[in-house]
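Trainee: Chain by chain, the residues run as shown.
Protein chains: 4
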Amino acid sequence: MGDGVNKVVLAYSGGLDTSIILKWLQDVYACEVVAFCADLGQGEELEPARAKAEQMGVKEIYIEDLKEEFVRDYVFPMYRANALYEGVYHLGTSIARPLIAKRQIEIANDTGAEAVSHGATGKGNDQVRFEMGYYALRPDIRVIAPWREWDLTSRNKLLAYAEQHGIPVPMDKRGEAPYSMDRNLLHISFEGKALEDPWNEPDEEMYMLSVSPENAPDKPTYVEITFEKGDPVAIDGEKLSPANLLARLNALGGANGVGRLDMVENRYVGMKSRGCYETPGGTILGVAHRAMESLTLDREVAHLKDDLMPRYAKLVYNGYWFAPERVMLQQMIDASQAFVSGVVRVKLYKGNVIVVGRKSDYTLVDERIATFEDDAGAYNQADAGGFIRLNALRMRIASMLRNGPTG
Amino acid sequence: MGDGVNKVVLAYSGGLDTSIILKWLQDVYACEVVAFCADLGQGEELEPARAKAEQMGVKEIYIEDLKEEFVRDYVFPMYRANALYEGVYHLGTSIARPLIAKRQIEIANDTGAEAVSHGATGKGNDQVRFEMGYYALRPDIRVIAPWREWDLTSRNKLLAYAEQHGIPVPMDKRGEAPYSMDRNLLHISFEGKALEDPWNEPDEEMYMLSVSPENAPDKPTYVEITFEKGDPVAIDGEKLSPANLLARLNALGGANGVGRLDMVENRYVGMKSRGCYETPGGTILGVAHRAMESLTLDREVAHLKDDLMPRYAKLVYNGYWFAPERVMLQQMIDASQAFVSGVVRVKLYKGNVIVVGRKSDYTLVDERIATFEDDAGAYNQADAGGFIRLNALRMRIASMLRNGPTG
Amino acid sequence: MGDGVNKVVLAYSGGLDTSIILKWLQDVYACEVVAFCADLGQGEELEPARAKAEQMGVKEIYIEDLKEEFVRDYVFPMYRANALYEGVYHLGTSIARPLIAKRQIEIANDTGAEAVSHGATGKGNDQVRFEMGYYALRPDIRVIAPWREWDLTSRNKLLAYAEQHGIPVPMDKRGEAPYSMDRNLLHISFEGKALEDPWNEPDEEMYMLSVSPENAPDKPTYVEITFEKGDPVAIDGEKLSPANLLARLNALGGANGVGRLDMVENRYVGMKSRGCYETPGGTILGVAHRAMESLTLDREVAHLKDDLMPRYAKLVYNGYWFAPERVMLQQMIDASQAFVSGVVRVKLYKGNVIVVGRKSDYTLVDERIATFEDDAGAYNQADAGGFIRLNALRMRIASMLRNGPTG
Amino acid sequence: MGDGVNKVVLAYSGGLDTSIILKWLQDVYACEVVAFCADLGQGEELEPARAKAEQMGVKEIYIEDLKEEFVRDYVFPMYRANALYEGVYHLGTSIARPLIAKRQIEIANDTGAEAVSHGATGKGNDQVRFEMGYYALRPDIRVIAPWREWDLTSRNKLLAYAEQHGIPVPMDKRGEAPYSMDRNLLHISFEGKALEDPWNEPDEEMYMLSVSPENAPDKPTYVEITFEKGDPVAIDGEKLSPANLLARLNALGGANGVGRLDMVENRYVGMKSRGCYETPGGTILGVAHRAMESLTLDREVAHLKDDLMPRYAKLVYNGYWFAPERVMLQQMIDASQAFVSGVVRVKLYKGNVIVVGRKSDYTLVDERIATFEDDAGAYNQADAGGFIRLNALRMRIASMLRNGPTG
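Protein chains in written order, with UniProt numbering: chain A, 1 to 407; chain B, 1 to 407; chain C, 1 to 407; chain D, 1 to 407.
One chain only, chain A, in its complex shape (with noise of 0.2 Å):
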């Protein structure tokens, strides 16, 4: 089975999962693997990764802190965009994907790896983001997908194989995992188990980003969100880097119980399945960043990207981030936001994000023509009949002809 594989660049978190894909790739490809841990933000120490890779014979390790790329490069940019995946899914896992897929091409070109690996099942989405990545930047890289390939297809047999190859298995490993669960400081994801009937609650217990509604505070907490062409940069009038911003709002959301979803999804692959996440952060920004909209696009603008949204959440879900197709709509989408720049203030309370304030100095609300006091002339009413008769024109047209008068 080696095919002439003599590197490859594994996406590698030290957990179990992954450490046993380590171990497989040198067993069965008879190659040499480099280990690639990129911090995200999901809130684990990657140290003791490279301790574990070491300990496996890995020579090449790569622990790199991407927080301020992923959210700089990737989060706000979808966040100008409102994506939210039918309807309502924030793309946390989603949106993650193509930034680890781009530095694991990068690290197999630096290192002269032929092929790249990672430990997404057949089953999912993060199997095709990851794909896509690799081959929209690296046309003829060699891909390894463990999952689809190995026999190790139950629980046991994994365990048994980490046994076999001396792999550490930690003592809550041994049982099932209760969900199958993805973190990074956009959000956490949990699948599987317990979740897979729709009809049941999950536990409060699952939750780990935020408190419940019910055990936030009862004091509401007021934010302001200051934006510049589209992004936040600013916190009650703190300046932040993308990651610190991103994570004070995950403080902020987290504490009064916002950000909790629980959804039934469409996966690329065709499947539906039970999702919840956590998007503590994301789900104020998301609120706030229409509120700045609201104030500072043009009605038809505002609309064009309204039709257009689904279609570019649905190209980051399916993993089209490096598309051209993606790229085309997110330059559209950015030239949008040039004046998309002024304060939100928010209010949060207790799972709820209610916008309560925005102003800029790019406003469009014309105070002195929405009026409905007297405004001296700014408009003019008799306009409108002018305006309705003529786009009702072609309704009483066909009216007329079709069933004649009525007089």
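Hints in this document: simulated from the structure, not taken from any laboratory.
No copy labels: a pair is met if it fits in one copy or bridges any two.
Below, in silico cross-link-like pairs of lysine-lysine (DSS-like), each with a Cα-Cα straight-line distance of 25 Å or less: (1) K193 x K359; (2) K347 x K219; (3) K23 x K59; (4) K239 x K359; (5) K102 x K7; (6) K193 x K347; (7) K23 x K7.
Fit chains B, C and D to the known structure of chain A by using the hints.
Mentor: Only chains B, C and D this time, still in chain A's reference frame:
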């Protein structure tokens, strides 16, 4: 100015403004006025309007309870589309106007009136919604929009006119009304005055249909909503008529602080304005309907609906309910709902509507396939490799041809 | 490799390739083959296929004339949508595959077969179109795609296999076929070989259904096509069945050099390829249908159709005829056609299809209003001022607020 | 009626109608008129207009050749979008109006004029296109649209006014003009009068820019068009400026009977009307540009462009050239054209524009992969099986769960 109008059907509320209009029509057009009061759930006694109209010499008075028709034929079809204008607004005012317009035209036909009239101003959307309905249903109807014609352009002039013509002015109408309001069984809206500055948080006292999240009970309320073909038919197992069902949801939502919205919206006539809304029952219904669809709609059908939703919502907002393109979209949407039947369980808590369960005889969740556990061959993971490779092929070819191989 | 397949229904043409497949199925799968020959207007006698199949020991042979069903239930619905893939392709091959797939599944159900098979290669769209149909109509069907399985990967190996198994090879099949072709009542397609370089002009000799524009008559031919609810029903006043009508249009178009197309298209499986097509009757029909709609469809309905047309065309091209989203779009499209009735007059001349007249009892052209002459007040030109001012308002506000007044 | 207008910039052609308007403005508004004549390729000497304007006492006269700007900044960007209104119209009139409006506003700014005026009627699209431009570029501009204001509502009144004010009426303007025409370098349009009945075939004599297909040469003409980043830059290898290139294509197309169109269109102001057009060069350009894209654009980019094309075309048709949503779409479209470079070879013959070849350094046709011959493993046919099975999975699951297995 008489213009040969002998009889006009006025959308009459019994309030001060439409009483002035009634008198003004008699006065300026020297015509007979037919008064039409529709009960769409605005929560006011309408019989006093009869007395007032009679007092002003009106001979033909129509006072009608349209609540069931409103919810069954207007609200529910709109919720099948998951319609939200500009991502957030439940279209509570927009959806009520077409029904009023339709009945006005029917009454005009029945009473031999040549004209219809309404109390909407020349700056807002409602004039468009009323008149689009009029013109679509009777193309040669004469429309009288007093606010666009008369010179009563200030509150003082209006009050003077009222006094001059013996129209009683209630004490609380002497001062400035704090907001412009519109209420029906689906929602209440607030605009104008103190709300005009979008940086100002509205007063808690403004709201009428809901307690604040802060004042809502400390215990959550669980509700089960049964759907049949896209429409809700029962609450907690109890079958209810459309209007009664929506009223029940309003009570549940309102008691739990659900359904408030504070937004800056784009009016059809071209300006932005700030509006606040309470849609307690509709907010629950929207969340629950989407959850029911998430279990029972084919992915591509759901995505097609999502792609067209903003367009549909815009049509409703802009007053095109009776336009052929809205009807055409509705036919497609309705066809999609054949299997949207089942039960959704939601948890209401201090402003939150949290989906905690959904089940259906027509579920498309196949746990046998979605499971990350052993699936006994229901899904062949190897299929994913080909799926990804062919989906990536166009990007790989482009990269190979334009950049050459990288190996 | 037998895999427990006892009986397979093969889409059989009687030609060399599917004869080899027939034998290969008997040989490799050791199963009974049911031969199904569909007459979709490919212009060949099908009875010889029966003899060939019998000779190879086939006991169940279905030879069916599906031309009327093809045109009535597949071609005409597609033309209601004005479907053109990538702006130009009439989808002649795409639209035929679903019907063949449907009948294959029905025959499989009737004959107790567990599997179906087809002769499409692993590189093209047709495999997808066949198999999408199979899976949609019988989800657990076993599909055998010999071109993706066997090792007969060159012409020589195929011919050797034929000889080895006593399959007669016609003289003209010994050499390289100049093109890959597919023909039915709607069109003929040419791909491959000499056409692979998109810079090369195809040989005039390639074309089969049409004379060249140069060789077409020097006098134009006028044709009147009568439509009822979006479908053509008569030519020059003569009522014709769907298949006969399309055949008549093919004759008229072919004689006048109408309907050739030379394009580079994007296949669903990810590569571009050059294809040439002749669609003489379909080209006339497409132009005439759009002209009929131009007179009878509401503007916004027409625009909604135009906006969704590329999506519909892509669904047909990609093989999603039986998918719920295609069905859903079709319901909307069909609903739009209620008034698309009348007569279109076209002039055919050396490759041109020129609309020279259209009339309908349901015309929406109101000459009284459209006229630039005196219209006796049917249209009030002053209305346009208000119409324009309100449509421009958002741009005026933006400019005033951001740039200030200019006066 | 003076209204404080001291100076108005009139879009002046030197013809009878705008001469009457010029006089009427001087007369009714008692203001100074600045005459602006733009040469957009209407094929008339403009210097005589100067004399006429001087004769009427105009002191500021601007006569400008805008042909290069017209083609470079308006026509070519529009062709990058493949824009066709209602599937067929090349938008020849629509695209000229914004440029005229822009120059009028610039001249108003330069000359200190408070107002602008044009000669478009109150029934057509041109008034909207002019005035949208005016308002977008100078929000507080005063617009005078004489046709919507005056009482010269018949030909006789106009002629009487001309005589009364000493405006010379050319002999051929005394009778009824057979059609309303508009001409520029991109096209000529014909509307009204004899064309009003959409059943009548227009007279051959009407057309001005092209011979009829019947009268075109019996030999085809081959033309090679070179594109760079989406724009044509050379004809048969000869580099040409934008206007010269379009003129060359007009000559080639016109001589070969290319570019006539007879349609019923939907005006923005609400009525349908019949229009005939000649766009000889533009028709060639449209076909060639799409062919260039077919070779060089990614599939999904091309499809995204196709999906949005009708929307873009509608914006241009309706006069929203300077609106932010058109600009935003243009940014996306322009970004897509980076690799749309190469050569397209077309054959012109008696009205036909037939693409016979395309080549590019950036071609995405990979013959190695597309070939039906042995591809040496460039494409793994087995991949298609997984591709199809996963794409069909949602339909299979639905069928299994709702109908059960069929075996």
